[in-house]
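Engineer: Now for the letters of each chain:
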Amino acid sequence: MSNQTELSARKLSVTSLFLIAIGATSWWAITILANYSDFFYDDYRYELATSDESMTPKGEEPYQYYERIYEPVVSPSTYLILTGILVFAMTALWARQITNRTNAEFESTRLSKTASIWSFIAVILALVMGVIFGFATFVESLSRPEEIDIGVRLLSTYVPILLTAGLLLFVVLRAFVIKPEVKDD
Amino acid sequence: MTEQKAKNALAVGFASPIIGAALGVLMGLAIFDLFNAFEEWTTVVLIALLGFSIWLGATKSGDALSYDNQHGGLPGAKGAANLNSVLAIVWMIVSFVTSLGIALSALQNFRDYPVNTGTDEPYNPGGFEVTFDSSVFFGEFLPAVVIVAMSMFGFVFMLVATSKVAK
Chain A
128 MSNQTELSAR KLSVTSLFLI AIGATSWWAI TILANYSDFF YDDYRYELAT SDESMTPKGE
188 EPYQYYERIY EPVVSPSTYL ILTGILVFAM TALWARQITN RTNAEFESTR LSKTASIWSF
248 IAVILALVMG VIFGFATFVE SLSRPEEIDI GVRLLSTYVP ILLTAGLLLF VVLRAFVIKP
308 EVKDD
Chain B
91 MTEQKAKNAL AVGFASPIIG AALGVLMGLA IFDLFNAFEE WTTVVLIALL GFSIWLGATK
151 SGDALSYDNQ HGGLPGAKGA ANLNSVLAIV WMIVSFVTSL GIALSALQNF RDYPVNTGTD
211 EPYNPGGFEV TFDSSVFFGE FLPAVVIVAM SMFGFVFMLV ATSKVAK
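Protein sequences appear in the order of chains A and B. For the first sequence, counting from 1, position 92 maps to 219 in my numbering; every step adds exactly one. For the second sequence, counting from 1, position 5 maps to 95 in my numbering; every step adds exactly one.
Note that these hints are calculated values from the structure, not bench results. Note that the Cβ used here is the ideal one computed from N, Cα and C, for glycine as well. Keep in mind that a hint or two might mislead.
[As the list claims (entries may be wrong)] No more than 27 Å apart at the CA atoms, straight line, and that leaves these computed lysine-lysine pairs for DSSO-like: (1) B:K168 with B:K97; (2) A:K185 with B:K97; (3) A:K185 with B:K95; (4) A:K185 with B:K168.
[Said to hold, decoys possible] Using C-beta positions, here's what the derived DEER-type ranges look like: (5) A:R172 with B:D202: 10 to 20 Å; (6) A:S135 with B:A112: 51 to 61 Å; (7) B:L194 with A:D179: 35 to 45 Å; (8) B:D123 with A:L160: 31 to 41 Å; (9) A:I288 with B:L124: 44 to 54 Å.
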């Protein structure tokens, strides 16, 4: 193997590893942002209530307290978490494409094998994250109040699950079925 | 690289992560015993120390492996490179999870709850304000950002270091 091709293979492998690192760091940042946004959009609101007079002991005044009421809202964190998974999945797919190209065009080295394994792990991780997110959204939606705004229900449960399913399908097909053709010069 | 230098590199490749881990644990314990506290920046220093020792081990074992691929005679070189790769993976996962935990905990501290004035007014759990607190940002949140950047990019450098090509 010439020095030139060796350098190119090395460069491509390092690029794919960096892509995975950038994807994971972006996922981290978006997850933090999603948690921060939850401060402003909470599924619970607190309303000042007065205790039942019949339950209050004789000679005592009824007391006031804040009642916790479940009132789901369309929280941006749902979509932010999905965006985080999307970003990680896209960088993982990109890294996988690069390693596939490297394996097809150059002789295999320890670094190219490492990059190939890590791009595969990253794709699998992205898929697992998507599955966990979809399942968590579904389980969370089971604790719904009797009366619920249909728009909120659609946007906070159905749409995210549909989008996640679409993302998972795209990632699986792109990573393992529709591989880009490598030029055979 | 001479054979003697390759052997030295292999020795450092095996020894560096062990020495780094021992030093890190002892330093952490000493700080905890002396100051009875474990600040976030201390975690950054410990993770950086561990990361540096693994990176040094990875670089040296990579040198030894590169020599072994070209000349042979260093059967332990591949083992050292693999050991450092595994340690790099463990270090990356632990650092990443730690940074996420520190950042999420720091976020909670940005919430400013009303102070209990001792009156009969009921406590409102939803009555908090989100304020920017520089001591929380620089003391708790920033260390998490440093750790995540260190873990992700340090990990790539470690993997690259163990995969050197013979010159």
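Engineer: Now look at each hint and say whether the structure bears it out.
Structural biologist: Comparing the hints with the structure gives:
1. B:K168 with B:K97: The given pair, whose Cα atoms are some 13 Å apart, holds under the 27 Å limit.
2. A:K185 with B:K97: 88 Å, violated
3. A:K185 with B:K95: 90 Å, violated
4. A:K185 with B:K168: Given pair K185 (chain A), K168 (chain B) is violated - Cα atoms ~82 Å apart, limit 27 Å.
5. A:R172 with B:D202: 10 to 20 Å: 19 Å, holds
6. A:S135 with B:A112: 51 to 61 Å: For A112 (chain B) against S135 (chain A), whose Cβ atoms are near 41 Å apart, the range 51 to 61 Å is violated.
7. B:L194 with A:D179: 35 to 45 Å: Since the Cβ atoms of L194 (chain B) and D179 (chain A) sit about 38 Å apart, the hinted range of 35 to 45 Å holds.
8. B:D123 with A:L160: 31 to 41 Å: 38 Å, holds
9. A:I288 with B:L124: 44 to 54 Å: 52 Å, holds
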